[in-house]
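Protein chains in written order, with numbering that gives the first Met the number 0: chain V, 0 to 485; chain Y, 0 to 483; chain F, 0 to 94.
I should point out that these hints are in silico values taken from the structure, not numbers from a laboratory.
All values reported here derive from a predicted model rather than from experimental measurement.
All residues carry an ideal CB built from backbone N, CA and C; glycine is no exception.
Each hint should be verified, as a subset may be incorrect.
[Unchecked claim] Lysine to any residue pairs mimicking SDA-like chemistry, simulated, CA-CA at most 25 Å apart:
no. : chain 1 : residue 1 : chain 2 : residue 2
1   : V       : K108      : F       : N78
2   : Y       : K446      : Y       : P468
3   : Y       : K78       : F       : V92
[Unchecked claim] Below, a sample of chain Y positions facing chain V; criterion: calculated Cβ distance under 7 Å:
no. : residue
4   : P44
5   : K87
6   : G88
[Said to hold, decoys possible] Where chain Y lies over chain F, by a calculated footprint (3+ residues, C-beta under 8 Å):
no. : stretch
7   : 34 to 44
8   : 56 to 66
9   : 71 to 77
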Amino acid sequence: MHDMTLTELARALEAGEFTSRQLTESLLARIERFDGELNSFISVTAEQALAAADAADAARARGEAGPLTGLPLALKDIFCTQDVKTSCGSKMLDNFIAPYDAHVVEKLKHAGTVSLGKTNMDEFAMGSSNENSHYGPVKNPWDLTAVPGGSSGGSAAAVAAGLVPAALGTDTGGSIRQPAAFCGITGLKPTYGRVSRYGMVAYASSLDQAGPMARTAEDCALLLSAIAGHDLRDSTSVARGVPDYRAELGASLSGLRIGLPKEYFGDGLDPEVETAIREAVKVYESLGATVQEVSLPHTHHAIPAYYVIAPAEASSNLSRYDGVRFGHRCNAPADLEDLYKRSRAEGFGDEVKRRILIGTHTLSEGFFDAYYKKAQQVRRLIRQDFMDAFEEVDVLMGPSTPTPAFDLGANKDPVSMYLQDIYTIAINLAGIPGISVPAGTVNGRPVGLQILGPHFAETQLLNVAHQFQQVTDWHQQRPAFGKENA
Amino acid sequence: MQWETVIGLEVHVQLATQSKIFSGASTAFGAEPNSQACAVDLGLPGVLPVLNESAVAMAVQFGLGINAEIPEVSIFDRKNYFYPDLPKGYQTSQMYHPIVGQGEVEITLEDGETKRIRVHHAHLEEDAGKSLHEDFHSMTGVDLNRAGTPLLEIVSEPDMRSAKEAVAYLKAMHSIVTYLGISDGNMAEGSMRCDVNVSVRPKGQEAFGTRAEIKNVNSFRFVERAIAFEVERQIELIEDGGKVVQETRLYDPEADETRSMRTKEEANDYRYFPCPDLLPVVLDAAYVDHLRSSLPELPAEKRARFQNELGLSAYDAGVLSATRAMADFFEGVKEVCGDAKLAANWVQGEFAGHLNKEGLTIASSPVSALQLGELVARVKDETINGKAAKQVFAALWAGEGDSADDIIEARGLKQVTDTGAIEAMIDQVIADSPVQVAQYRDAEPDKRGKMIGYFVGQVMKASRGTANPQQVNGLLKEKLDALC
Amino acid sequence: MALEPKDVRRAAHLARLGLDETDADRYVDDLTRILEMADHLQTVNTDGVAPLAHPLDATQRLRADEVTETDQRERFQRNAPAVENGLYLVPRVVE
Chain V
0 MHDMTLTELA
10 RALEAGEFTS
20 RQLTESLLAR
30 IERFDGELNS
40 FISVTAEQAL
50 AAADAADAAR
60 ARGEAGPLTG
70 LPLALKDIFC
80 TQDVKTSCGS
90 KMLDNFIAPY
100 DAHVVEKLKH
110 AGTVSLGKTN
120 MDEFAMGSSN
130 ENSHYGPVKN
140 PWDLTAVPGG
150 SSGGSAAAVA
160 AGLVPAALGT
170 DTGGSIRQPA
180 AFCGITGLKP
190 TYGRVSRYGM
200 VAYASSLDQA
210 GPMARTAEDC
220 ALLLSAIAGH
230 DLRDSTSVAR
240 GVPDYRAELG
250 ASLSGLRIGL
260 PKEYFGDGLD
270 PEVETAIREA
280 VKVYESLGAT
290 VQEVSLPHTH
300 HAIPAYYVIA
310 PAEASSNLSR
320 YDGVRFGHRC
330 NAPADLEDLY
340 KRSRAEGFGD
350 EVKRRILIGT
360 HTLSEGFFDA
370 YYKKAQQVRR
380 LIRQDFMDAF
390 EEVDVLMGPS
400 TPTPAFDLGA
410 NKDPVSMYLQ
420 DIYTIAINLA
430 GIPGISVPAG
440 TVNGRPVGLQ
450 ILGPHFAETQ
460 LLNVAHQFQQ
470 VTDWHQQRPA
480 FGKENA
Chain Y
0 MQWETVIGLE
10 VHVQLATQSK
20 IFSGASTAFG
30 AEPNSQACAV
40 DLGLPGVLPV
50 LNESAVAMAV
60 QFGLGINAEI
70 PEVSIFDRKN
80 YFYPDLPKGY
90 QTSQMYHPIV
100 GQGEVEITLE
110 DGETKRIRVH
120 HAHLEEDAGK
130 SLHEDFHSMT
140 GVDLNRAGTP
150 LLEIVSEPDM
160 RSAKEAVAYL
170 KAMHSIVTYL
180 GISDGNMAEG
190 SMRCDVNVSV
200 RPKGQEAFGT
210 RAEIKNVNSF
220 RFVERAIAFE
230 VERQIELIED
240 GGKVVQETRL
250 YDPEADETRS
260 MRTKEEANDY
270 RYFPCPDLLP
280 VVLDAAYVDH
290 LRSSLPELPA
300 EKRARFQNEL
310 GLSAYDAGVL
320 SATRAMADFF
330 EGVKEVCGDA
340 KLAANWVQGE
350 FAGHLNKEGL
360 TIASSPVSAL
370 QLGELVARVK
380 DETINGKAAK
390 QVFAALWAGE
400 GDSADDIIEA
410 RGLKQVTDTG
420 AIEAMIDQVI
430 ADSPVQVAQY
440 RDAEPDKRGK
450 MIGYFVGQVM
460 KASRGTANPQ
470 QVNGLLKEKL
480 DALC
Chain F
0 MALEPKDVRR
10 AAHLARLGLD
20 ETDADRYVDD
30 LTRILEMADH
40 LQTVNTDGVA
50 PLAHPLDATQ
60 RLRADEVTET
70 DQRERFQRNA
80 PAVENGLYLV
90 PRVVE
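Chain V extracted, bound-state conformation (with noise of 0.2 Å):
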């Protein structure tokens, strides 16, 4: 059962062919037996998951089930669960035990889901590798010497492996993007606001989006369906009612106007990546839509701009962790400064403390208007592009990723780390909303599609995805780690 996707499962636990209580306790195993090397989860909720497991089978006795009850899935540790560790990957909230749940959480128990437990993470979202979590790193099933991306690599990993058939993450540059995209699955960052961020640990606010992780876009919809919404508690959430996703799957791309940034197959671009994405529109072309070259000119200067934002915004939601109310406290502090100074050197990771000083130093006095308004002026000429290209074509595609998966240890140096993040992080500047699917391989390695639609064009790019679905089958392919006879 560990191959099957939600849907599948759904309609499984539905027919009475297992219970959720069966189906929880197999993933469990799975986790048990294959966990330890791949490192996708940080905690494993085993009873509580059993108890959810239970009162669902119990509410579907009663004919009280609805289209996710009984459902297991795994909550990247950047949602706040109550009464259960949450740590973002980092020894600063190692031993921080939320007091409530975030919205999403709360969504999601109340559909009648199974948390598993909490996947592994970059440190605060701040990475795209996973090596930056204080639980160390993640392996890519499809090759352990690869990595499964970042920061939402534990939610790729542990789905790509078949330990859970869907999760959450989130994606503040491309970290449900390109994880899901180096790990073989499909994984969707919705527009901005669409679905609150009451209970995700900020990393940075203006782009930080919670999303799906499964292996179909199907699984995605009926998962976005359970998620978004307004929630009064985030300012920042919109009010806008939410589709059944998964309903609405099913219209002809027959007429679909696909625009290909040419920027996004430029210098850097694994040939035999593009060649599988070039594959991949030619399914689209035979599928009745037309294909079109834009321009988004200001694609290069993404990435220094996202680097500029989202640090000054991190620099400030950072300084919440001063060891004085929760969190991590170094040992008898001499005075205050001291307190300040060592629990934030002892409990930051090198790339979060990298970030903080980059964000403070551009804040500050002499540096804000070089720095961080530049940025804020660039970031509306990029979401400009966007608005101009949408106003030309229906969905924009490209590659998620310039490569596939790199190795482990492969990206010392912060700077080429950050330029892997080329094609997804103007996504997360314009706010508008992303969906990377798998579209073949690339030395066993997965290669993911990504693509883009308007602001709340989440139903549009879900069928997009899904019927590219309905006439491949690279979302199907499996690692042949977790396989139950290896």
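Chain V is already provided as a structure; the job is to place chains Y and F on it using the hints.
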């Protein structure tokens, strides 16, 4: 050399909302430590701020009250610094686009002169918690109940030229916010706090001198004292060839002096930037107009009306409009009794006297405006005389009756105006006082006027104070003179 | 814009991050390269372009002024490293 003092004030007013500016925690004063600090106030991971509509409305009302421009868009920024009473490591404030723009307020000095003081702007922000330094074996305890209480920071232009003007300005602010009901203005509890910027310059010089900021001066008197000390310190310093340094100072009321707050003043760099968790606040014209139309009458307007329409003296109008509670009470009494001058006399006389004597506020007064109004009405229609009225008031104050009429009835204090009855009492007094009558008769006519007081007293006593004194006087005079 | 060790130390102090000297040198290196990348922004013509702080042009929603939170001190303070009598404890702050 002649020196001129230049003063600017930053007044922090805690707004009288039920809940905090960005969370649903209570703002009530005096709760158990940290029992009113919710997840948002504590800055726990993942929580987010949502703006309180009353805080916005109150800030706008204040702006309208000082005739300020209300910008369509205001924006919250983060002011970043570390301190134990600042849970998030930043204070959410408004640096570049405050909710209230430029305005002005008229102050009245003790000699009755008025002066306009410009307000640069007022912005919304969140209050910090409190650090408690006692009793924790060399540790400091942090209580975050106050964290997140809405503050309106009102920043004046450096328009004040003396401590007295500064106090008058602060009183005007106090009066406006309490009139609007947007703050209780309780300085002892910290609902209204004040930072004072003071500098001196040679008289006639245009450029400002270097200023010192005196933080957290929390009473009218301390503001006056702190400025007086600081002005003297700065002048002495300069005259001795020294230089004033720009710094933050603290006023110590016990030593009656200001002291430099930090020995190594580090260059603060607050790294203000727009708060990404809050969106621009947009106030449309209809909303502002609605608040404008529901604005209560403010102290200056009220004072003018008391003088011009009710015919009160400038002094009475000033006293009675000083606080909203006083003005409301006076107007309540006036409504009931229908006589502004009588009402003014009673409110400032017996009523204020009793409050002062017992240290009570109007809110805790045992006598209501309705009760006092009914009493004054009985004075006006001559049901009782002034003397009896004081008795009735004392009885009301002591809770010995619900209304003036009940007490008048129960104690038989109704004024006797029946000439026959008064004449009978006079005849009796004359009959009982042969010695005094003889003295009266023997006295020079111009001395008799004084001597009549004895007889009036006796008649009033006989009537238990209820006889109409004017009638008693007239009739007595007639009868005694007839005997001469 | 060139970054100097004193800039890093200043940022570290503002951010209350303890850095030892070798850390500081390493960060000067990393941060210099990151800022060099950020300096590319200077090549973009942004005359007359308003800064964009939020991806959607939305405005702030206001919350009704109601007390909705109850006392959860005990629950919240379970995560606190040092409390006494309901207060969070820190090394003595000298005013």
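Each hint, compared with the structure:
Note on V:K108 and F:N78: the hinted pairing holds, with a Cα-Cα distance of about 24 Å set against a maximum of 25 Å. Restraint check for Y:K446 and Y:P468: satisfied, since their Cα atoms lie roughly 20 Å apart, inside the 25 Å limit. For the suggested pair Y:K78 and F:V92, the alpha carbons sit about 21 Å apart, so the restraint of at most 25 Å is met. Of the supplied interface hints, the one on Y:P44 holds, with its beta-carbon coming within about 4 Å of a beta-carbon of chain V, less than 7 Å.
The interface hint given for Y:K87 is met, as the beta carbon of that residue sits about 5 Å from the closest beta carbon of chain V, less than 7 Å. Checking Y:G88 against chain V: minimum C-beta separation of about 2 Å stays under 7 Å; hint holds. Judged by the Cβ-Cβ criterion of 8 Å, the stretch 34 to 44 of chain F is not covered by chain Y as claimed, because only 0 of its residues qualify and three are needed. With 10 residues bearing a CB less than 8 Å from a CB of chain Y, the stretch 56 to 66 of chain F meets the requirement of three and the coverage assertion stands.
Counting residues of the stretch 71 to 77 of chain F whose CB lies closer than 8 Å to any CB of chain Y gives 4, which reaches the minimum of 3, so the coverage claim holds.
Hint 7 alone, counting from the list given before, is not met by this structure.
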